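Trainee: Sequence:
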Amino acid sequence: MRKILHYILLALATGACITAEQDNPFIGPTCYDRIRNQDETAIDCGGHCSECGDSEPELPADEPPCKATLQDNTLVIDGRKVVAAMRDYSCDISTAGYTIAILIDGIDSFVLHLGGSGKPTKSDTYSLVQTIYSVPSGSACIYYEEDGYDGAFTNYGDEVYVTVTKDKKITVEFCDIELVYGYGGYFRTVSGRISGCGQ
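Just so we're aligned, residue 28 is where the sequence shown starts under our numbering, counting upward by one.
Simulated from the structure, these hints should not be mistaken for lab results.
Source: prediction; values computed, not measured.
Hints are not guaranteed to be accurate.
As the list claims (entries may be wrong) - Within a straight-line C-alpha distance of at most 30 Å, the following computed DSS-like cross-link-like pairs (lysine-lysine) qualify: (1) Lys146 x Lys94; (2) Lys94 x Lys196; (3) Lys94 x Lys195; (4) Lys149 x Lys195; (5) Lys94 x Lys108; (6) Lys196 x Lys108; (7) Lys149 x Lys193; (8) Lys195 x Lys146; (9) Lys149 x Lys196; (10) Lys149 x Lys108; (11) Lys193 x Lys94; (12) Lys108 x Lys146; (13) Lys146 x Lys193; (14) Lys196 x Lys146.
Stated by the list, open to error - Each pair of labels, with its calculated beta carbon distance range: (15) Ala112 x Cys79: 49 to 57 Å; (16) Asp185 x Gly106: 15 to 23 Å; (17) Glu78 x Ala128: 37 to 45 Å; (18) Lys108 x Phe214: 16 to 24 Å; (19) Lys149 x Asp203: 32 to 40 Å; (20) Asp66 x Ile134: 54 to 62 Å.
The beta-carbon is built from N, C-alpha and C at its ideal position, and this holds for glycine as well.
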């Protein structure tokens, strides 16, 4: 009896991998896989997904526009290239999200906080918010402190691109983010590709 149940579950799970229409009751609609499945009335719309319209649904961005110019564990701040060694990294996992902090030249600090609960578990695009103290799930904040300034450079309105691999490694990429100090008197432009700690 156990073998039969095992084969039934295996057959149901295998059915979820077919690229044709999928109706596996154990798998919910994905809404962004370009496949008509579950209760979708057309590809990626209807049912539990957004309503169907005349155009295809907008897919989440999966890579930054400047991806080809980015290098691993590297920040570019106002044209100055900063390569971060693992000893310069610090990470924190909490119920408020995941934070990656990088010490630059022993003086400046670059902090990226991804809102949510703990480490991200899937690749996604995060919208930037301005305050690091209250970052909602699905949002991020960049907080850059530079020697000679009393506060931090921050930004809101742009996006960062988070990639989570099958082995749970995290990479965050961003392009030409304009950071502002205070009420707009000083600016820094930053791009980069940084990884989580211990990767």
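Trainee: Please write out, lowest number first, the hints stated earlier that are contradicted by the structure.
Mentor: Those not satisfied come down to hint 19.
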